[in-house]
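**Q** Chains as they are written, first to last, in UniProt numbering: chain A, 1 to 331; chain B, 1 to 331.
Hints were generated in silico from the structure; no laboratory data involved.
Some hints here could point you the wrong way.
Listed next, the in silico PhoX-like pairs over lysine-lysine satisfying Cα-Cα at most 20 Å (straight line) [to be verified]:
no.: 1; chain 1: B; residue 1: 22; chain 2: A; residue 2: 143
no.: 2; chain 1: B; residue 1: 22; chain 2: A; residue 2: 29
no.: 3; chain 1: B; residue 1: 29; chain 2: A; residue 2: 143
no.: 4; chain 1: A; residue 1: 174; chain 2: B; residue 2: 277
no.: 5; chain 1: B; residue 1: 127; chain 2: A; residue 2: 193
no.: 6; chain 1: A; residue 1: 193; chain 2: A; residue 2: 307
no.: 7; chain 1: B; residue 1: 127; chain 2: A; residue 2: 127
no.: 8; chain 1: B; residue 1: 143; chain 2: A; residue 2: 29
no.: 9; chain 1: B; residue 1: 193; chain 2: A; residue 2: 143
no.: 10; chain 1: B; residue 1: 143; chain 2: A; residue 2: 127
no.: 11; chain 1: B; residue 1: 288; chain 2: B; residue 2: 277
no.: 12; chain 1: A; residue 1: 277; chain 2: A; residue 2: 248
no.: 13; chain 1: A; residue 1: 331; chain 2: A; residue 2: 227
no.: 14; chain 1: B; residue 1: 143; chain 2: A; residue 2: 22
no.: 15; chain 1: A; residue 1: 127; chain 2: B; residue 2: 193
no.: 16; chain 1: B; residue 1: 127; chain 2: B; residue 2: 22
Label pairs and their calculated CB-CB ranges [as the list claims (entries may be wrong)]:
no.: 17; chain 1: A; residue 1: 276; chain 2: B; residue 2: 228; range: 49 to 59 Å
no.: 18; chain 1: B; residue 1: 314; chain 2: A; residue 2: 130; range: 34 to 44 Å
no.: 19; chain 1: B; residue 1: 280; chain 2: A; residue 2: 96; range: 36 to 46 Å
These numbers come from a predicted model, not from an experiment.
We put the beta carbon where it would ideally sit given N, CA and C, even for glycine.
Number of protein chains: 2
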Amino acid sequence: MQTELDSYFNSIIENVNLEIRKFVRSDIKTLEEASLHLFSAGGKRLRPLVLVSSSDLIGGDRQRAYKAAASVEILHTFTLVHDDIMDRDYLRRGLPTVHVKWGEPMAILAGDYLHAKAFEVLNESLKGLDAETFYKAFSLFVKSIEIISEGQAMDMMFENRDDVTEDEYIEMIKKKTAMLFSCSAGLGAIINKANDEVIENLLQYGLNLGISFQIVDDILGIIADEKELGKPVYSDIREGKKTILVIKTLREAKESERKIILSVLGNKDAKKDELEKVAEIIREYSLKYAYDLAEKYSDLAIRNLSKIPVSNETAEKALKYLAQFTIKRRK
Amino acid sequence: MQTELDSYFNSIIENVNLEIRKFVRSDIKTLEEASLHLFSAGGKRLRPLVLVSSSDLIGGDRQRAYKAAASVEILHTFTLVHDDIMDRDYLRRGLPTVHVKWGEPMAILAGDYLHAKAFEVLNESLKGLDAETFYKAFSLFVKSIEIISEGQAMDMMFENRDDVTEDEYIEMIKKKTAMLFSCSAGLGAIINKANDEVIENLLQYGLNLGISFQIVDDILGIIADEKELGKPVYSDIREGKKTILVIKTLREAKESERKIILSVLGNKDAKKDELEKVAEIIREYSLKYAYDLAEKYSDLAIRNLSKIPVSNETAEKALKYLAQFTIKRRK
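Use the sequences and the hints to build the structure in full.
**A** So, in structure tokens, the structure goes:
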């Protein structure tokens with residue numbers, strides 16, 4: 001079973017990578033290199049897998065799905081390049097981030113270039129379809145980017161607050177992260193002219209999977225090995241990010257522990273042992289809680305799936321596996 | 001005659017501003033304020049005027065043109081927000097730039113938000129049209145943004161070179177500036193399903209107008225009054241920009257003058273009197289040459305116009321006036 005899915009996933013990733021390489025080109029070589037940097041560095045290609053599997057699930061057109069999948073991965077990569085500047089992160093996928101390697105101006109530009117490329121590839125993926133589908137697909141795509149920007153703004157503004165609630169956190173990660181998974185699954189349906197109910201169920205599947213994914217991302221930020229993760233551990237604490245783990249811990253920890261946490265959270269000069277101490281307290285109070293919450297959303301995603309008539313059983317297995325993988329992953 | 005055009009232009013600007021205000025909204029108020037900042041600060045709305053006049057010229061749909069015009073103005077504003085970060089400019093339209101007022105992370109984000117909004121508004125402007133027009137309009141739009149990014153990259157890379165040629169300069173400003181004027185005029189035709197010859201002539205009109213516009217922009221950067229211009233004078237010299245004026249002067253100045261220029265050009269710590277001295281030399285060698293060149297492209301733009309069958313004479317006058325205004329303007 002695992003091998004069936006492995007080859008299913010690998011074939012999608014290979015084809016999507018080909019599309020990405022085909023489109024992300026420029027005569028200005030520095031711009032091209034900076035734009036391609038994060039793709040070459042690896043990445044799990046989860047959003048393309050969600051998109052193509054969603055398209056397969058309802059018996060869709062593979063070539064079209066590869067292009068649409070390339071467009072969401074390019075879009076995702078644009079957000080990573082700019083987020084890394086905003087969050088001052090220096091490591092991503094085990095490599096220096098784009099702004100560290102090429103400087104901030106070129107990184108801003110490479111992000112903008114990828115942003116436009118994402119639209120170009122989406123436009124190509126729609127070629128030959130009717131006007132209504134063009135309109136629907138672009139609407140979902142722009143709405144997603146706008147919502148992602150809002151989510152990133154919330155995430156940054158939360159750094160300056162100590163009273164962020166769990167509801168606010170969920171609202172923020174829905175926007176910042178889950179929306180693009182939702183868009184990926186939804187596009188898989190839209191490019192195949194699926195009916196509104198199928199589109200809606202896939203949008204919901206992606207949203208719930210995305211929420212689960214971000215919760216686990218926040219967990220990995222305080223338990224993972226830096227080398228395995230490919231990005232700095234504890235940087236969320238240093239930046240004062242209000243993750244579900246921090247929110248839960250601030251709510252339940254003893255006053256003395258709260259004080260320690262608040263003195264280190266968002267402190268750019270925090271020392272390694274201070275970060276380690278705070279991470280230890282957070283793990284104690286919130287790890288199980290956060291995992292349970294992630295599992296809840298993963299289950300919801302699988303339930304959304306069960307409402308859709310299945311044309312391709314491998315694709316169904318794949319989408320289930322992806323919803324569960326969000327929790328099991330170690331990076 | 002001037003009053004006829006005044007009221008023609010004012011009505012376009014009012015309607016386009018309404019569309020911009022309708023679309024650039026967000027529940028995240030900081031993001032909305034940062035995104036709206038440069039619109040409130042003024043701006044000439046030249047690209048919307050070019051687009052709507054082009055649409056009128058061939059008897060097009062005004063409401064659709066207002067939306068498409070809003071989308072290019074939003075796109076233009078996104079590039080200004082990001083360019084100001086990249087070029088470290090602190091003043092624009094007489095106000096602090098977005099990154100100065102809200103910080104770099106929020107400015108990057110506001111630019112991204114506007115970038116997506118531009119696509120949203122374009123999508124809305126196309127609603128009800130056929131799939132081929134959707135594809136054509138989005139193709140031109142994404143191509144324009146990609147080319148603009150390439151132009152901005154070239155502009156930055158030229159800062160580190162002293163041997164940039166006039167041809168390279170023209171190639172760079174075609175990309176950085178003229179492409180969006182070309183896109184504006186071309187979209188005015190595409191949204192009205194004009195034939196390919198009309199589209200091509202309007203694309204060329206916009207391109208030539210845009211080249212003329214950027215040459216004059218570079219001229220104003222060394223002759224204008226900072227207060228009237230609304231942005232820092234001589235910043236091009238401080239940043240080491242290879243404008244046509246600098247290229248021409250480096251080619252013709254005496255060796256002693258060349259030395260002075262090269263010692264100040266791109267020197268971030270250059271003093272005001274040094275900048276003034278260099279500007280004086282540049283003015284002496286290149287001002288007439290640059291104005292003549294701008295006029296050549298303005299004439300070419302008007303010649304492109306003469307090849308198009310006219311449905312609306314006011315629009316024709318307007319487009320001629322815009323091509324001439326690029327030269328006469330003082331800001």
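**Q** Take the hints in turn and mark each one as holding or not.
**A** Hints and how they fare:
1. B/22 to A/143: OK: residue 22 of chain B and residue 143 of chain A at ~15 Å, within 20 Å.
2. B/22 to A/29: Violated, at roughly 39 Å.
3. B/29 to A/143: 17 Å, holds
4. A/174 to B/277: Violated, at about 56 Å.
5. B/127 to A/193: This hinted pair holds, its Cα atoms lying about 18 Å apart.
6. A/193 to A/307: At roughly 18 Å apart (the allowed maximum being 20 Å), residue 307 of chain A and residue 193 of chain A satisfy the hint.
7. B/127 to A/127: At roughly 16 Å apart (the allowed maximum being 20 Å), residue 127 of chain A and residue 127 of chain B satisfy the hint.
8. B/143 to A/29: 17 Å, holds
9. B/193 to A/143: Violated, at roughly 27 Å.
10. B/143 to A/127: Holds: residue 143 of chain B and residue 127 of chain A sit about 16 Å apart, inside 20 Å.
11. B/288 to B/277: Distance ~18 Å between residue 288 of chain B and residue 277 of chain B Cα, so the pair holds.
12. A/277 to A/248: Distance ~17 Å between residue 277 of chain A and residue 248 of chain A Cα, so the pair holds.
13. A/331 to A/227: 10 Å, holds
14. B/143 to A/22: 15 Å, holds
15. A/127 to B/193: Status holds; Cα separation ~18 Å.
16. B/127 to B/22: Since the Cα atoms of residue 127 of chain B and residue 22 of chain B sit roughly 17 Å apart, the hinted pair holds (cutoff 20 Å).
17. A/276 to B/228: 49 to 59 Å: 58 Å Cβ-Cβ, so the 49 to 59 Å window holds.
18. B/314 to A/130: 34 to 44 Å: Given a distance of about 37 Å, which is inside 34 to 44 Å, the answer is holds.
19. B/280 to A/96: 36 to 46 Å: Between residue 280 of chain B and residue 96 of chain A, where Cβ atoms are some 44 Å apart, the hint holds.
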